[in-house]
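Visitor: Keeping the supplied structure of chain A fixed, place chain B upon it in accordance with the hints.
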Amino acid sequence: MELIIHNQVSDLDIVHQTVDKVAAEWGFDDMETMRFNLVMEEAVSNVILYAYPRSENQEINILMSYDENPGTGGHILKIVIRDTGMEFDPTRQSSPDLEQSLEERRIGGLGIYLIKNYMDTVTYQRIDGFNVLSMTKVITKQ
Amino acid sequence: MEFNYRAEDSGLIKATISGRLDTTNAEDFGKLIAPLMDGAKYDIEFDTADLEYISSSGLRMMLTLLKSVKNSGGSLKIMNMRPAIREVFDMTGFSKLFNIQ
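Quick note, the sequences are listed as chains A and B, same order. In terms of our numbering, the first sequence is residues 543 to 684. In terms of our numbering, the second sequence is residues 215 to 315.
A hint or two may mislead.
Here are the simulated distance ranges between beta carbons [stated by the list, open to error]:
| # | chain 1 | residue 1 | chain 2 | residue 2 | range |
| --- | --- | --- | --- | --- | --- |
| 1 | B | Lys-310 | A | Gly-650 | 16 to 26 angstroms |
| 2 | B | Asn-294 | A | Thr-678 | 31 to 41 angstroms |
| 3 | A | Asp-572 | B | Glu-222 | 32 to 42 angstroms |
| 4 | B | Lys-310 | A | Ile-556 | 31 to 41 angstroms |
Don't read these hints as lab results, they were simulated from the structure. All values reported here derive from a predicted model rather than from experimental measurement. Glycine included, every Cβ here is placed at the ideal spot set by N, Cα and C.
Excised from the complex, chain A in its bound form (with noise of 0.2 angstroms):
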């Protein structure tokens, strides 16, 4: 499943009604289908707001696949977001310190965070002016 949308906020609402619609294809249960979305929502919005500071109508190439897993058995769920903007490597932003106080507690990071704790595998790779962002997931039915 490939979903091409450019650089703005409310295509991101497109990007949550393609998350629901192959989720259901694929039988995914409803918190599955939450976690898809909020990881697609972390990963793009990312994208639509820090990677092209100054140029709007850029375009953000999405791929979604989920298919059998021969080796481990369930099946593998991938991601991958590629954009032409700044070169950018989420992978190295800091995780939030989970144990500070109310006061302490900083908001940033959490996007990142949230992604590697769903996912199985996040990599990042410029590739010929390409920001490549890919996600695995295996996901093993009772």
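Guide: Showing chain B alone in chain A's frame:
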């Protein structure tokens, strides 16, 4: 996302939210809660039974509200949180910061 609140005779603020709280509407939510962050003391009961989804943008707004309410000597109690929302609060350590009933 829809957010409403009203003051009871006792002064307690009863707030409700429904739908999705995400990057597309976190700013709108910020404007809706602004009156509750005007420096006065508010005791708020926030019913989230109909909140279906929250992302980090929504979490940031919730944290802003909590900090403001606490700094003004008030309180914020979250009621009827759905498991999907609870999971995100747990994962980010927010469950320890908020009073969740």
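Visitor: Each of the hints needs a verdict: does it hold here or not?
Guide: Consistency of the hints with the structure:
At about 18 angstroms, the CB distance of B/Lys-310 to A/Gly-650 agrees with the hint of 16 to 26 angstroms. Checked against the given bound of 31 to 41 angstroms, the beta carbons of B/Asn-294 and A/Thr-678, roughly 35 angstroms apart, stay inside it. Checked against the hint of 32 to 42 angstroms, the C-beta distance between A/Asp-572 and B/Glu-222 comes to roughly 33 angstroms, which is consistent with it. Taken as a hint, the range 31 to 41 angstroms holds for the pair B/Lys-310 and A/Ile-556, whose Cβ atoms sit roughly 35 angstroms apart.
In summary, the structure agrees with every hint in the numbered list given earlier.
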